[in-house]
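Engineer: When you get a sec, could you build the whole thing from the sequences and use the hints?
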Amino acid sequence: MGRYAVRRLLQMIPVFAGATLLVFLMVHVMGDPVAGLCGERQCDPATEARLRQEFGLDKPVWQQYATYMAHVFTGDFGTAFNGQKVIDLMASAFPVTIRLTLVAVVFEVVIGVALGVVMGLRRGRPVDTSVLLLTLVVIAVPTFVTGLLAQLVFGVTWKLVQPSVSFTAPLDELLLPGLVLASVSLAYVTRLTRTSIAENARADYVRTAVAKGLPRHRVITRHLLRNSLIPVVTFIGTDIGALMGGAIVTERIFNIHGVGFQLYQGILRQNTQTVVGFVTVLIIVFLLANLLVDLLYAVLDPRIRYA
Amino acid sequence: MRPAAHAKRTARAVAVPLAIGLAVVPATTACGGGAAPAGGPDGVLSSSWGDPQNPLEPANTNEVQGGKVLDMIFRGLKRYDPKTGEARDVLAERIETTDSTHFTVTVRDGWTFSNGEKVTAKSFVDAWNYGAHLRNNQKNAYFFEYIEGYDKVHPVSGSPTADTLSGLRVTGPRTFTVTLSQRFSTWPDTLGYAAFAPLPRAFFDHHADWLAKPVGNGPYAVLNYTRGAQMSLRTWKGYPGSDKARNGGVDLRVYTDNNTAYTDLVSGNLDLLDDVPAAQLKNAKADLEGRYINSPAGILQTLSFPYYDPAWNTPGAVKVRTGLSMAINRRQITETIFRSTRTPATDWTSPVLGTDGGHKAGLCGKACHFDPAAAKKLVAEGGGIPGGRLTITYNADTGSHKQWVDAVCNSVNNTLGNDRSCVGSPVGTFADFRDRIGRKKLTGPFRAGWQMDYPLIQNFLQPLYYTNASSNDGKWSDARFDRLVNEANADPDMATAVRTFQRAEAVVRDQMAAIPLWYQNGSAGYAARLSHVELNPFSVPVYDRIEVA
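From first to last, the protein sequence lines stand for chains Z and A.
Residue numbers for the first sequence follow the working numbering, beginning at 1 and rising by one.
Residue numbers for the second sequence follow the working numbering, beginning at 308 and rising by one.
Careful: at least some of the hints might be erroneous.
Quick look at which bits of chain Z chain A covers, simulated, 3 or more residues with Cβ under 8 Å [as the list claims (entries may be wrong)]:
id, segment
1, 6 to 16
2, 40 to 46
3, 146 to 159
4, 163 to 172
5, 260 to 267
Because the hints were derived from the structure by calculation, they are not lab data.
Idealized CB from N, CA, C, for every residue including glycine.
Structural biologist: In structure tokens:
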């Protein structure tokens, strides 16, 4: 297990280097960021040259990338155009997004798995069919529609919650955005769990457990559910990264100042330092979440062993 | 609506401490006016805001969001009247000159910064020297370019050879002299711009701390500032000016999307929203029950042309441009797309200048009048559109530029009877758009919006059309225009100077250097508990006059 983890960690290095290089080049291709700094006018040439020099934009791209990576390894993610350290931006944005992601994941696990189990055990019954239909609808409707609708209904019409989240983003205000963010994944988790449960319900080991005379809830939780969760865990694991980076739409609708807000602003202002910095951290989150998923397999299914 | 919204806020104030939060700032500040339900002169209002693009230094702030804050925490020698736009003395006791080149400024006594430091002549001179110097990377440095010695502290290339502007000299605790490098009779009227604000010593001595919590001499003082999220300003009780704030303070909240801010406003979670999103304009009047203002701002939208492309720089092209101008149905576009928050332009300035200030409605004449038949004829006479097709370049990330560019193209296509004679060409980001303009890559007209820096006709003409001026993106050049502008600047009499500027504007018209499209209004919506809400000519709310019930 230990050696496996180390090997996986080592494999991350080329993935990390390649991904950051790609992001760096993509932001670079977008054009010259200094041009947008002076509003509807040309910066005066002297100031423009100074700014270019200060942000290292006067050097060739490979050199910019090398300098940037060297700084990243010392924990220095550079400075945004508004004079703020990118590391400070991260310190304010990531806690918010992590909280939002956690809320979303909890919804996915609790509601998604519970619904999936109920449906899987009552395959073909009205409950199953109606929830299946419902998940289809949720998957088909884009997040911005769900988000705006939820905001309008719960925030404006019924006044149950604030339509937007205050900047400290306390957990209770994140419930609605978390649900919106989780909605599509939640539908997938439900369907995955349902299929998996339905399939395993007829497996030999379940019949054995029933034949042994185990109580029904024990058969379901200890035997059936545990073995059926593997595809669900894989999905949720990869989804964590997607939720953190993909919350741009949800964060915009509810005015949450998280990673999505910073990325959006960074892209609009062509702020290489912000975009590359945030994406780099997201890449690390992705890689670690994947590793965690693989390690969890062994816990869930005793037949899986890592050498 | 109010009581319900209010109960909501209080409930949240209770809920916040229970939440597991990594909050840095006390939770109560997040609740804006709701935390302390006080109205009257102590009432605090919440207002929408955008994250300022640059550090909040006066000479480094060139957009509205940063300008909003500077207008609250600073008062300069002059200030533009929120209604008329006229430059009025604030800290200036008098500004005297005999030759429009040498000015003697006397600063009024009794003014201090909110940290207690006295505002002296040195506060101004130090601030201006800082703003002008190349090493400080101030994006508004060019505001000081008319002061003698600017080329030494801010050379076009190479390193500066002086530390301070030779044209600025402190002559007493409250007096200093300014020497300009050229005659500029209306120069004192430019001093209302934020870049000319005085700065306390703390700005220079503890710069990072100052940026984290700016200190100025205006009616408001910064209580706390969480960058990218919120700034809380409170009324400064010791403010010596006559425009004391009539409320307890303002909480500026950053919104990524103005539509969210609008939803917040409608549901009572926000008190004031400036710049109502275009998509909501048709609902705003009904949603807000009349608490919606729509007043002229010093913004003119035009189409500029690339004169570095020889095809656009011919006598025939003048006719083509005039024809195109006449092919645009301005009235229809402003009414349907912008719901009359913009009005068809008939000159190259803005109505906020007033007729005395140089605005002359109808100066454009029939060239700005929708006339399909004449338009078609002129374009044909001029040899047709260079390249056969008109490509209007714009940035698609902000504003609702796509809608109107498509509408303009539609109008042109209908007029010329050819569905393929005009297309919009969107550019992904504003920075990329500016980059293409800067590298002279364009072959057709491009969107140009001009928001005035100060309400003078000079500001609508010289920076945009003078040879090699800072915002002359199309690189238009006309010796007659340049000569008239020089003449007007040197004229000590305001009235005749304005008339000379208008003659220069006529040159712009005869050459159709840029097609004027429409004057833009500022818009704002506000909650029922606010009154006396108005926008100044820069489309920024006049916060100090707002009263909270």
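Engineer: Hint by hint, note whether the structure agrees.
Structural biologist: Results of checking the hints against the structure:
1. 6 to 16: Violated: only 0 residues of the segment 6 to 16 of chain Z have a Cβ under 8 Å from chain A.
2. 40 to 46: Holds, because 7 residues of the segment 40 to 46 of chain Z bring their Cβ atoms closer than 8 Å to Cβ atoms of chain A.
3. 146 to 159: holds (count 5)
4. 163 to 172: holds (count 9)
5. 260 to 267: holds (count 5)
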